[in-house]
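S.K.: Residue numbers (my numbering), protein chains in the order written: chain D, 1 to 215; chain F, 1001 to 1212.
To be clear, the hints were calculated from the coordinates, so they are not data collected in a lab. As the structure is a computational prediction, the values presented were derived from the model and not from experiment. Treat the hints with caution; some may be incorrect.
As the list claims (entries may be wrong) - Computed Cβ-Cβ distance ranges for the label pairs, DEER-style:
#1 1207/F to 61/D: 18 to 26 Å
#2 94/D to 1080/F: 49 to 57 Å
#3 178/D to 1207/F: 13 to 21 Å
#4 1154/F to 24/D: 37 to 45 Å
#5 1075/F to 178/D: 33 to 41 Å
#6 1159/F to 136/D: 29 to 37 Å
#7 176/D to 1085/F: 23 to 31 Å
#8 1025/F to 160/D: 42 to 50 Å
#9 126/D to 1075/F: 50 to 58 Å
#10 95/D to 1212/F: 54 to 62 Å
#11 1072/F to 61/D: 16 to 24 Å
Stated by the list, open to error - Derived list of chain F stretches under chain D, where covered just means 3 residues or more per stretch with a C-beta under 8 Å from a C-beta of chain D:
#12 1014-1025
#13 1041-1050
#14 1116-1130
#15 1159-1168
Quick reminder that beta carbons are idealized off the backbone N, C-alpha and C, glycines included.
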Amino acid sequence: MDGIHDLGGMEGFGAIDTDAPPFRHDWERRMWAIAKNTGAPDWTLDWWRHMVERMQPATYLSVSYFEKWCLNYLTGFVTSGLFTLEDVARGTTPRTQAPPDPSGVDGALQRLRDNERFFDLDSPDPARFAAGAPVRTKSHIAARHTRLPRYARGCRGEVIAHHGAHVFPDLSAQGIHVGQHLYTVAFAARDLWGEAADPRDSVTLDLWDSYLDPA
Amino acid sequence: MTTFDSDEAAHVHRHLHSHLPSDPALRVRTLESLVVDKGLVTTQDLDSWIELYAGQVGPHRGAEVVARSWLDPEFRARLLADAAGAVRDLGYHGHATGHLKAVENTDTQHNLVVCTLCSCYPFALLGMSPAWYKSAAYRARAVREPRKVLAEFGVELPEGVAVRVWDSTAELRYLVVPQRPAGTEGMDLAGLTALVTRNSMIGTDRDLKAPA
Chain D
1 MDGIHDLGGM
11 EGFGAIDTDA
21 PPFRHDWERR
31 MWAIAKNTGA
41 PDWTLDWWRH
51 MVERMQPATY
61 LSVSYFEKWC
71 LNYLTGFVTS
81 GLFTLEDVAR
91 GTTPRTQAPP
101 DPSGVDGALQ
111 RLRDNERFFD
121 LDSPDPARFA
131 AGAPVRTKSH
141 IAARHTRLPR
151 YARGCRGEVI
161 AHHGAHVFPD
171 LSAQGIHVGQ
181 HLYTVAFAAR
191 DLWGEAADPR
201 DSVTLDLWDS
211 YLDPA
Chain F
1001 MTTFDSDEAA
1011 HVHRHLHSHL
1021 PSDPALRVRT
1031 LESLVVDKGL
1041 VTTQDLDSWI
1051 ELYAGQVGPH
1061 RGAEVVARSW
1071 LDPEFRARLL
1081 ADAAGAVRDL
1091 GYHGHATGHL
1101 KAVENTDTQH
1111 NLVVCTLCSC
1121 YPFALLGMSP
1131 AWYKSAAYRA
1141 RAVREPRKVL
1151 AEFGVELPEG
1161 VAVRVWDSTA
1171 ELRYLVVPQR
1181 PAGTEGMDLA
1191 GLTALVTRNS
1201 MIGTDRDLKA
1211 PA
């Protein structure tokens, strides 16, 4: 979808706060811990991202990063049926499972390592492109969730790597797991941004097969 | 069960944002109460996670990987060919490193990493990302005017250097391998590791400094 999250190339945001630290408040640290230690078993990464994309655009831009995560976890738990909106309003919910035994920092490190997830997934289709192939990205996107940013649609680029097939995000956001070939595509900055861009520069994106046509 | 109903998610988002107290600390406290009540996690395990990210997990892991690549040509070759495996060998794998790629700066190319669509970052290797990496300003501008962005970070590029911006739109994650500074011959792994800044591994820093 052409959502507010698709920020690449938008203008008017001003200077970057280059000194901003990773965490400013304790609640941000707690939110990160909650995020990486809870969830619903059938969420997919792309469904999680798509939920963020469905925040009201004005809210998306006005709340901070970790507050977005908090709202998204609450939304995810409610829409997956783990809590009700009434539970959220009350701030409590009935216990339905035994909590895990606390496992200390060693246990946390093990969970971090166990979270090394792999997204390669075979495709029944052969790869259509190899490194060096000229391609053009689709001009229009039908899926609600997609990883082809607005700024790189209808643009000519060159495949610089083929990574085999990976889970296709447009369908993964609907809970459907299908593999599709994934490529890194390089675009000349001037093909994306016109004469204002530096002729020496380039931008690469990691793009799935169905986002591309031969050029 | 998750319904994957996009419009329902939009509706619940709107409801929660308009009904919850506006203080984000209170919102997170509500979420923590719910997940602990439910039995999904314990308060102690949340505390342990925070401790993990305050100590063992942080940019010093990536810095050590870069310093090793300066000292050991075999390790460097492995890192550039299979960064995920090279990092796993050191035990620094985990969240978002499964498809890690290392991209090296050279005399003629500078690399810069961004995620314009969300906030993808190799967390297990570099720790929590800096707030600016997730900001709308960085995500919007890095792909369009990378040289202006670099200038804001104090990076000046020599005439012959091209900028390549890596927009991580899939589950690949990128580690920039900065160049070894001159004047560091004979330094050991610990000494070199201390020279590598977090920003140099994202690409918003370039010329690392040898000790005076």
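S.K.: Taking the numbered hints from earlier one at a time, note which ones the structure violates and give those numbers from smallest to largest.
M.R.: The structure breaks hints 1, 3, 4, 9, 11; every other hint is satisfied.
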